[in-house]
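**Student:** Listed below, chain by chain, are the residues.
2 protein chains.
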Amino acid sequence: MKATVLVRPKDGILDPQGEAVGGSLRRLAFPVTQARVGRLVDLELDTSDAADARAQIERMCAELLANPLIETVEIQLEGDD
Amino acid sequence: MKATVLVRPKDGILDPQGEAVGGSLRRLAFPVTQARVGRLVDLELDTSDAADARAQIERMCAELLANPLIETVEIQLEGDD
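The listed protein sequences correspond, in order, to chains A and B. Quick note: the first sequence uses my numbering, first residue 13, plus one each step. Quick note: the second sequence uses my numbering, first residue 13, plus one each step.
These aren't lab readings, by the way, just hints derived from the structure by calculation. Treat the hints with caution; some may be incorrect.
[Unchecked claim] DSS-like mimics (lysine-lysine), calculated; alpha carbons at most 30 Å apart, straight line: (1) LYS22(A) x LYS22(B); (2) LYS14(B) x LYS22(A); (3) LYS14(B) x LYS14(A); (4) LYS14(A) x LYS22(B).
Using the sequences plus the hints, can you model the full thing?
**Tutor:** This is the structure we're talking about:
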């Protein structure tokens, strides 16, 4: 099963990379009022059960993929929009 | 209008960060067969027209946000899943 994990800085957490991107886009004359930069992890999991996959990914986030103090996590499972 | 730009390394492009993440997850006993790491940019745009927003974002990707030689781009507009 394929899944995508979206990791974003929480609201209120300073995001210098996002500020730099937003500033650059505005200098290029794009009408951007805010930009925030996060990361994504595409995973291929050796399970075909969506509930199991989601539970595994939540543990992965807690143990490795994200910092719950400053980041939010969104899990997108394939065929599950 | 809010939008999210997902930037991923193309298939076949080496992704050492993804390999490190995959290896770490396997060492933690997660059943991960592949991991690829990309980035995301959440944008707030000063337009309410979806077609205009998408066109602007495509230009942003070409000019700043992504490298078309090695990266693919997916644009998600709010309320447009």
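**Student:** Now tell me, hint by hint, if it's right for this structure.
**Tutor:** Hints versus structure:
1. Taking the CA atoms of LYS22(A) and LYS22(B), the gap is about 28 Å. The hint holds against a cut of 30 Å.
2. As the CA atoms of LYS14(B) and LYS22(A) are separated by approximately 16 Å, the hinted pair is consistent with the 30 Å bound.
3. Only pairs whose Cα atoms come within 30 Å are accepted, and LYS14(B) paired with LYS14(A) is accepted, the gap being roughly 26 Å.
4. For the hint pairing LYS14(A) with LYS22(B), the CA-to-CA distance comes to about 16 Å; that is within 30 Å, so the pair holds.
Violation of the numbered hints given earlier is absent; every hint is satisfied by the structure.
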